[in-house]
Amino acid sequence: MTAVTMDVAAAPPRKRMSEEKFWAIVLIAPYVVVFALFVVYPVLYGFWLGSSANSFKKLFQDPIFVTTLWNTAIFVLVAVNLKMLVALGLSAFFILEYRWVRWLSVIFIIAWAMPSIPTILSVRWMFNPEWGLVNNLLFKWFQIEGPGWLTERHYGLTLAILMHIWKSLPFWTLILVAARLAIPRDLYESADVDGATRWQRFRFITWPAMRAPYMTSVLLSSIWTLGDFNSVYLLTGGGPNDSTQVLATLGVRYLRIDQIDVGMAAVICALPAILPMVFFLMKRLSRVDEQ
Amino acid sequence: MASVELHDVRKVYGGSITAIHGVDVEIPDGEFVVLVGPSGCGKSTLLRMIAGLEDITGGEVRIGAKRVNELPAKDRDIAMVFQSYALYPHMTVRENMGFSLRLRKAPKDEIDRGVANAAQILGLTPYLDRLPRHLSGGQRQRVAMGRAIVRNPQVFLFDEPLSNLDAKLRVQMRTELKALHQRLKTTSIYVTHDQVEAMTLADRIVVLHDGKVEQIGAPLDLYDRPANQFVAGFIGSPAMNFLGGTVRRSNGAAAVAMVDGTRLPLPAGAKGGDGQQVVYGVRPEHLALGDSGMGFPLVVSVVEPTGADTLVFGTVGGSEVCAVFDERHAFKPGETVHLAPKGDRVHVFNADDGAAL
Numbered sequence: 661m662t663a664v665t666m667d668v669a670a671a672p673p674r675k676r677m678s679e680e681k682f683w684a685i686v687l688i689a690p691y692v693v694v695f696a697l698f699v700v701y702p703v704l705y706g707f708w709l710g711s712s713a714n715s716f717k718k719l720f721q722d723p724i725f726v727t728t729l730w731n732t733a734i735f736v737l738v739a740v741n742l743k744m745l746v747a748l749g750l751s752a753f754f755i756l757e758y759r760w761v762r763w764l765s766v767i768f769i770i771a772w773a774m775p776s777i778p779t780i781l782s783v784r785w786m787f788n789p790e791w792g793l794v795n796n797l798l799f800k801w802f803q804i805e806g807p808g809w810l811t812e813r814h815y816g817l818t819l820a821i822l823m824h825i826w827k828s829l830p831f832w833t834l835i836l837v838a839a840r841l842a843i844p845r846d847l848y849e850s851a852d853v854d855g856a857t858r859w860q861r862f863r864f865i866t867w868p869a870m871r872a873p874y875m876t877s878v879l880l881s882s883i884w885t886l887g888d889f890n891s892v893y894l895l896t897g898g899g900p901n902d903s904t905q906v907l908a909t910l911g912v913r914y915l916r917i918d919q920i921d922v923g924m925a926a927v928i929c930a931l932p933a934i935l936p937m938v939f940f941l942m943k944r945l946s947r948v949d950e951q
Numbered sequence: 110m111a112s113v114e115l116h117d118v119r120k121v122y123g124g125s126i127t128a129i130h131g132v133d134v135e136i137p138d139g140e141f142v143v144l145v146g147p148s149g150c151g152k153s154t155l156l157r158m159i160a161g162l163e164d165i166t167g168g169e170v171r172i173g174a175k176r177v178n179e180l181p182a183k184d185r186d187i188a189m190v191f192q193s194y195a196l197y198p199h200m201t202v203r204e205n206m207g208f209s210l211r212l213r214k215a216p217k218d219e220i221d222r223g224v225a226n227a228a229q230i231l232g233l234t235p236y237l238d239r240l241p242r243h244l245s246g247g248q249r250q251r252v253a254m255g256r257a258i259v260r261n262p263q264v265f266l267f268d269e270p271l272s273n274l275d276a277k278l279r280v281q282m283r284t285e286l287k288a289l290h291q292r293l294k295t296t297s298i299y300v301t302h303d304q305v306e307a308m309t310l311a312d313r314i315v316v317l318h319d320g321k322v323e324q325i326g327a328p329l330d331l332y333d334r335p336a337n338q339f340v341a342g343f344i345g346s347p348a349m350n351f352l353g354g355t356v357r358r359s360n361g362a363a364a365v366a367m368v369d370g371t372r373l374p375l376p377a378g379a380k381g382g383d384g385q386q387v388v389y390g391v392r393p394e395h396l397a398l399g400d401s402g403m404g405f406p407l408v409v410s411v412v413e414p415t416g417a418d419t420l421v422f423g424t425v426g427g428s429e430v431c432a433v434f435d436e437r438h439a440f441k442p443g444e445t446v447h448l449a450p451k452g453d454r455v456h457v458f459n460a461d462d463g464a465a466l
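Quick note, the sequences are listed as chains A and B, same order. Each residue of the first sequence is one higher than the last, beginning at 661 in this note's numbering. Each residue of the second sequence is one higher than the last, beginning at 110 in this note's numbering.
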C-alpha cells in the first residue's frame, strides 16, 4: 500500500480524463459532427458567398429590392401585431368553460394543423381573379366585378398577410390560452370583490400576468414571420412584377447558379432584424429561468 | 358594520346536484360566526354566495337591511380573505392594500392613510414596498387581511385563511385574528374545517354537513350539548367515543348494554326507554380511571404521552375508545383498565337518526 502511494506521489501529476467526461464527449460527438456539417458549414459558406461587396451592389441596384424591404417591414409589423392582438382577444374566448367552446377550439386548431402547401394553394385558387370562387360569388350575388386579388400589389400583400395570420393564429391563441389559464382564478374573484370593472380586471390582473409571455411570443413570432416563405410565394409568387416579394422569397428568386451570391446577400439583409430579436429572446428566456 | 341574514338559502348545480339545502342563519351586527364542517359540506359555497361570487339558486341573503341576491360582489360592501390570499403578484404590499380604494377613485391621501393605518395594526409598515413573492407565508396572510381592513367593509368574509400556514404560525395568527376582531368589531363570517379554530375564534358556530345546518350555537354549547351524533363527533378533539348498545333499566339504575354484554353506566336522568337502541357517547377527556366494581373495562392497545396529558387508546366490547388523562400513566398494551364517565357527562343518541335524546 505504502509503495503504491509513494509511486503516485513521486510521478508527475498526469491528467487522466474521468470516465464521466469521456462518455460525455463520446455521446456529444455525433451531434457536434452533424451540427458542424449541416449548420455551421452551410451558414459560413452562405456568408462567404454573399459577403462580397459586389453581390450587395448588384442587390441594391435591383429596383425590386427597396420594394421588398418595404413589403417585408409591412408584412412583419402588420401580421405579427394584428395576429397577436387577435390571439390575445380570442384567448379570452377560448378559456370559457362551455362544451361548445371546447369543440369550436378543436375546429379552430385545424387551420394550424393542416399542411401549408395545399391550404395556401386552395386559397390561391379561391382568389383567382378570373375563375376563382370569391369573384364568382361577388358577381353572382352583388353583380360586382371583383378586384384582381392576386394581380394587384396591395390586394396581394394584404391577402398574404391574412393568409399568414389565418395559418398561425391558432398556434398563438393556444399559447396565450395557456398563459391565461396559468392566472389563478382567485385573483379575479378578489378583484370582483374589490370592485374592478372588466377593463380593470384586464389591466391589473390579466395584462401584468400575460405581458412576459406576450412579448416573448411577439419576438418569436416576428422571427418566424420574417422567414415565412409559403404565405407569399404560394399565393402571389412574389408577383405581380415582383411587387409583393419579401426577403424570404427574394432570396429564392435569385437562386440561379449565376446569382446565388445575390440570393445569399438578400438573406443576409434580414440578419440586422433577426439577430437583435434572437438576442432579446434569449435574454428574456434566460431571465424567466432565473425567476 | 351590518347584520347578515340567510333565509332558506339554497344552491343547486346543473339542476340536480344540491350543494346547500335551505340554510337559515341570522348573524347580528359585530358577531364573529364560524361556518365549520368536513370537506364538501358546502361551507365555502355558502360563503361565496354571501360574497356574490356564486349565484344563489333560492332563498334570500340580506346584508344590513338590504337584499343582496342580485347585487354583484363589488356592491355588497364586503371584504374577503381567500385561502390562497389572492394577492396581486405584480403590485407591492402598499398597492395591494390600497387597490380597492384606488378602484373607488378615493383621493390619494385617503388611500395612504388607510394603508398606513392597516399596516400599523398588522405590523406591515416595513414591508409596504415589497412584492408579495418576497414575503413569508405569515406576512402574505397579514397583507390579505390588511387589504380587507383598508376597505372598512360592512362584513369580513374569511375562506380558510389559515390553512396554508404551518401549525405554529396558525395558532399565532388565530390569536391575532381574534384580537383584531375585538378591536374592529366588524361582523365576520369565517369558514374552516378545523374545529379548534372554530371553537377558539367564534362567538357562534354553524356546523354544516352535506349542505345542511346541523346545529348553531356558542362553542361551549355545541361542546356540552351537541344536537346530534354528527356535531358531537365533529366538535372536540380527540373526537367523542361512540359505543352502540341497548338501554337497560332495572331497579332505578340504567345502563347501555353492548352486544358482548359490556354494561356502560348511564347517569340518573339520562333519557332512553328500556330496550331502546342507542349510541352511547363520552368524550375522551370525560373518562376517569375507576375500580373494577364500576365503569367498564378498556383493553389498552396504545399509550401516547404528550407531556401535558396522556392519550390511551384501546377497545371496549370490540369498539375503539380513546381516553385522555391529565396524569401520567404507563399502561402496557393488552392490560385491562376500568374507566368510568365523570359525573353525568355522557351523551345518548338515537341509534336510528343520531339525534340527541
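Quick caveat, the hints were computed from the structure, so don't treat them as lab data. One should not assume that every hint holds.
[Claimed, not checked] Stretch-level coverage of chain A by chain B, calculated; a stretch enters the list once three of its residues show a Cβ under 8 angstroms from a Cβ in chain B:
#, region
1, 764–770
2, 838–849
[Stated by the list, open to error] In silico lysine to any residue, SDA-like type, Cα no more than 25 angstroms apart, as pairs:
#, chain 1, residue 1, chain 2, residue 2
3, B, K183, A, S946
4, B, K183, A, A869
5, B, K183, A, W785
6, B, K183, A, V699
7, B, K175, A, T857
8, B, K214, A, R861
9, B, K214, A, D852
10, B, K183, A, R840
Where a beta carbon is used, it is the ideal one built from N, C-alpha and C, also for glycine.
Checked hints:
Counting residues of the region 764–770 of chain A whose CB falls under 8 angstroms from any CB of chain B gives 0; the rule of at least 3 is not met. Restraint check on the region 838–849 of chain A versus chain B: 4 residues with Cβ-Cβ distances below 8 angstroms, three needed, restraint holds. Of the supplied pair hints, the one linking K183 (chain B) and S946 (chain A) is violated, its CA atoms being roughly 40 angstroms apart against a limit of 25 angstroms. A threshold of 25 angstroms between alpha carbons decides the hint, and for K183 (chain B) with A869 (chain A) the separation of about 23 angstroms falls inside it, so the pair holds.
Between K183 (chain B) and W785 (chain A), the direct Cα distance comes to roughly 54 angstroms. Violation of the 25 angstroms bound is thereby established for this hinted pair. Simply put, K183 (chain B) and V699 (chain A) have alpha-carbon atoms about 59 angstroms apart, too far for the 25 angstroms limit, and the pair is violated. At most 25 angstroms may separate the alpha-carbon atoms for a hinted pair to count; K175 (chain B) and T857 (chain A) meet this at roughly 23 angstroms. Of the supplied pair hints, the one linking K214 (chain B) and R861 (chain A) holds, its CA atoms being roughly 15 angstroms apart against a limit of 25 angstroms.
Annotation: proposed proximity of K214 (chain B) to D852 (chain A) holds, straight-line Cα distance about 16 angstroms (limit 25 angstroms). Note on K183 (chain B) and R840 (chain A): the hinted pairing holds, with a Cα-Cα distance of about 23 angstroms set against a maximum of 25 angstroms.
In terms of the numbered hints stated before, the structure departs from hints 1, 3, 5 and 6, listed from lowest to highest.
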